[in-house]
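**Q** Sequence:
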Amino acid sequence: MTEPAVDPAQTPTGSAADRSPKGLDLDRLAAYLAERRPELTAGPLSARLIAGGKSNLTYLVHAGGRELVLRRPPLGHVLATAHDMAREHRVISALAPTEVPVPEALLLCADDAVIGAPFYLMQKVDGQVYRTRAQTDPLTDGQRHDLAMAMMDTLAALHMVEPSAVGLADFGRPEGYLGRQVRRWAGQLDRSRSRELPGIDELRDALADTVPEGANAGRIVHGDYRLDNLLAAVDPVTVRAVLDWEMATLGDPLADLGLLLTYWSVLGDSELAEGNPVADGIGPRAGFPSGDELIDRYAGRSDVDVGPLHWHVALGCFKLAVICEGIHYRHTLGQTLGGGFDRIGDMVAPLVEHGLRAVREK
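Mapping of the sequence shown onto UniProt numbering: residues 1 to 362, in sequence order.
Each hint should be verified, as a subset may be incorrect.
What the hints assert, rightly or not - Capping the alpha-carbon separation at 25 Å, the derived lysine to any residue pairs in SDA-like fashion look like this:
{"#": "1", "residue 1": "Lys22", "residue 2": "Gly64"}
{"#": "2", "residue 1": "Lys124", "residue 2": "Leu40"}
{"#": "3", "residue 1": "Lys124", "residue 2": "Arg28"}
{"#": "4", "residue 1": "Lys124", "residue 2": "Leu108"}
{"#": "5", "residue 1": "Lys22", "residue 2": "Leu75"}
What the hints assert, rightly or not - Label pairs and their in silico Cβ distance ranges:
{"#": "6", "residue 1": "Asp292", "residue 2": "Gly179", "range": "20 to 30 Å"}
{"#": "7", "residue 1": "Gln123", "residue 2": "Ala31", "range": "14 to 24 Å"}
{"#": "8", "residue 1": "Ala113", "residue 2": "Asp137", "range": "40 to 50 Å"}
{"#": "9", "residue 1": "Gln123", "residue 2": "Ala30", "range": "12 to 22 Å"}
{"#": "10", "residue 1": "Ser194", "residue 2": "Glu39", "range": "44 to 54 Å"}
{"#": "11", "residue 1": "Ser194", "residue 2": "Gly116", "range": "19 to 29 Å"}
{"#": "12", "residue 1": "Pro138", "residue 2": "Ser164", "range": "36 to 46 Å"}
No lab work stands behind these hints, which were simulated from the structure alone. None of these values were measured; they are calculated from a predicted model. For glycine and all other residues, C-beta sits at the position ideal for the given N, C-alpha and C.
Produce the entire structure from the sequences given, and follow the hints as far as they go.
**A** In structure tokens, the structure reads:
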């Protein structure tokens, strides 16, 4: 991964404790690797927090001359099932032989005693995470178009993978997936409330009362698919790896498409995009194709019936509002690392408003 670091680059001098970024004890990590995977520790360990993670924490670990990536849950307020390292590790391991580009999974540790939380290690993949206008403005119109289309081709490829063919037949419960999504995010909301949120309960109830049949259920769903969860290259344009699989399961692929359109068209095509930590560099305002073009590309590359997407966009708005509220809550408790969190809470109200409009569409 090549995005800028939050912590300054560390050099392997002094004790590992002196070089350990917050949330990662390098002494304990080094001892664990020496016992379990000594080939991964060719020299002293150093690490830095990679910028951009709004939930799980991601570190670039230098082990001698080798670079690895470590993922662990966030500090402090952690919602049940929301930061499951084993699920991430399992799904990227299963997808390795498919057309879906993923990093190579190297090791899973479920023992909290090692660094204070479960974690896994994966191979570093070279590429760029495109998140801000400073990154996407230098791209040509053709590169922005091709990057958006590659993003949709990769999503279609994911949804075309047969779960049983890659050992993921029991990865989730497709029946009733959409109803469970509404209940799950309603529960996450209740555990993250720290202020009044006008309209969010009405949106929750409207979604619960109008859950569609989910004819496409049973596909592998990423759960948070968007441009800045991809590592990409632009010469030529390729998606090098899909990242951040913490919410992956089996379910309705339109949930992925609806959430992507929430990022792309609801946030990325409005004044909310400017300087926004999750929508600044995406969407039509940043020179990318429209949401309708994304839908057409996806529909042409998959056998999923896209149908009316309004309910799924409304679900995407609700889900993203709850995620933002959870991050806002952790930020108020001083439990976020890195910058860009002070505006996250401002996104909740507009997302709720758009979600209410979308769920009422016929």
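**Q** What are the numbers of the hints that this structure violates, sorted from low to high?
**A** Violated hints: none; all satisfied.
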